[in-house]
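Just so you know, the protein sequences line up as chains A and B, in that order.
Residues in the first sequence are numbered consecutively from 1, following my numbering.
Residues in the second sequence are numbered consecutively from 1, following my numbering.
Calculated directly from the structure, the hints in this document are not laboratory data.
A couple of the hints might just be wrong.
Stated by the list, open to error - FRET-style restraints, in silico, Cβ to Cβ:
1. A:Pro18 to B:Ile15: 47 to 53 angstroms
2. B:Thr20 to A:Phe14: 42 to 48 angstroms
3. B:Ala82 to A:Asp62: 40 to 46 angstroms
4. A:Lys65 to B:Ile15: 44 to 50 angstroms
Every residue gets a Cβ at the ideal spot worked out from N, C-alpha and C, and that includes glycine.
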Amino acid sequence: AQRVTQPEKLLSVFKGAPVELKCNYSYSGSPELFWYVQYSRQRLQLLLRHISRESIKGFTADLNKGETSFHLKKPFAQEEDSAMYYCALMNRDDKIIFGKGTRLHILP
Amino acid sequence: NAGVTQTPKFRILKIGQSMTLQCTQDMNHNYMYWYRQDPGMGLKLIYYSVGAGITDKGEVPNGYNVSRSTTEDFPLRLELAAPSQTSVYFCASSDQDRVRLFFGSGTQLSVL
Numbered sequence: 001a002q003r004v005t006q007p008e009k010l011l012s013v014f015k016g017a018p019v020e021l022k023c024n025y026s027y028s029g030s031p032e033l034f035w036y037v038q039y040s041r042q043r044l045q046l047l048l049r050h051i052s053r054e055s056i057k058g059f060t061a062d063l064n065k066g067e068t069s070f071h072l073k074k075p076f077a078q079e080e081d082s083a084m085y086y087c088a089l090m091n092r093d094d095k096i097i098f099g100k101g102t103r104l105h106i107l108p
Numbered sequence: 001n002a003g004v005t006q007t008p009k010f011r012i013l014k015i016g017q018s019m020t021l022q023c024t025q026d027m028n029h030n031y032m033y034w035y036r037q038d039p040g041m042g043l044k045l046i047y048y049s050v051g052a053g054i055t056d057k058g059e060v061p062n063g064y065n066v067s068r069s070t071t072e073d074f075p076l077r078l079e080l081a082a083p084s085q086t087s088v089y090f091c092a093s094s095d096q097d098r099v100r101l102f103f104g105s106g107t108q109l110s111v112l
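Based on the provided sequences and hints, a complete structural model is requested.
So, in structure tokens, the structure goes:
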């Protein structure tokens, strides 16, 4: 079964502390994985994808095939990082499967 | 560019009523999608389209219909509204880079 699991509904982190949003996936083969973000009163938008190996707004995510994980990390949280984060994968049929999302709350 | 435009933003329906959620995009994207977002459940794909005249079912198509007569428009039809269809509906589009979806602002639908 194709599945994306985000175990935390809510994650509260103090400003300046490291952030790790967990994502695990279930997929036979090599998936394409990425993170979407929805800031307050804004539309859902692509944050980053694993094939780019890029850092966006200080966030990075490494695909770990052994652990079937794609955790999103940032070394120092900022207040503007408060948002809803969705991990997602694209399957062979080019359909995107989203996780349930994690709300990140940055405490001052 | 307006991007992806959805109307209406809010709607309340009675059980059994029908309605059409409108979605239009001005980016000349071939791919369009309808998702529903239930609280704590993430986004579920209802229907999608890879181009004008072509539509296909997603994960949760029951109770919905779509059409794609033009590249720009992808309306979602609810024929007999049920309380289980209370949700936030998002339309999205993409070009050949199908990972990068452009989302509309959503329609909040309540069926009472």
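Hints, one by one, checked against the model:
no.	hint	in the structure
1	A:Pro18 to B:Ile15: 47 to 53 angstroms	holds, 48 angstroms
2	B:Thr20 to A:Phe14: 42 to 48 angstroms	holds, 46 angstroms
3	B:Ala82 to A:Asp62: 40 to 46 angstroms	holds, 43 angstroms
4	A:Lys65 to B:Ile15: 44 to 50 angstroms	holds, 47 angstroms
Going down the numbered hints, you'll see the structure goes against none, and every one checks out.
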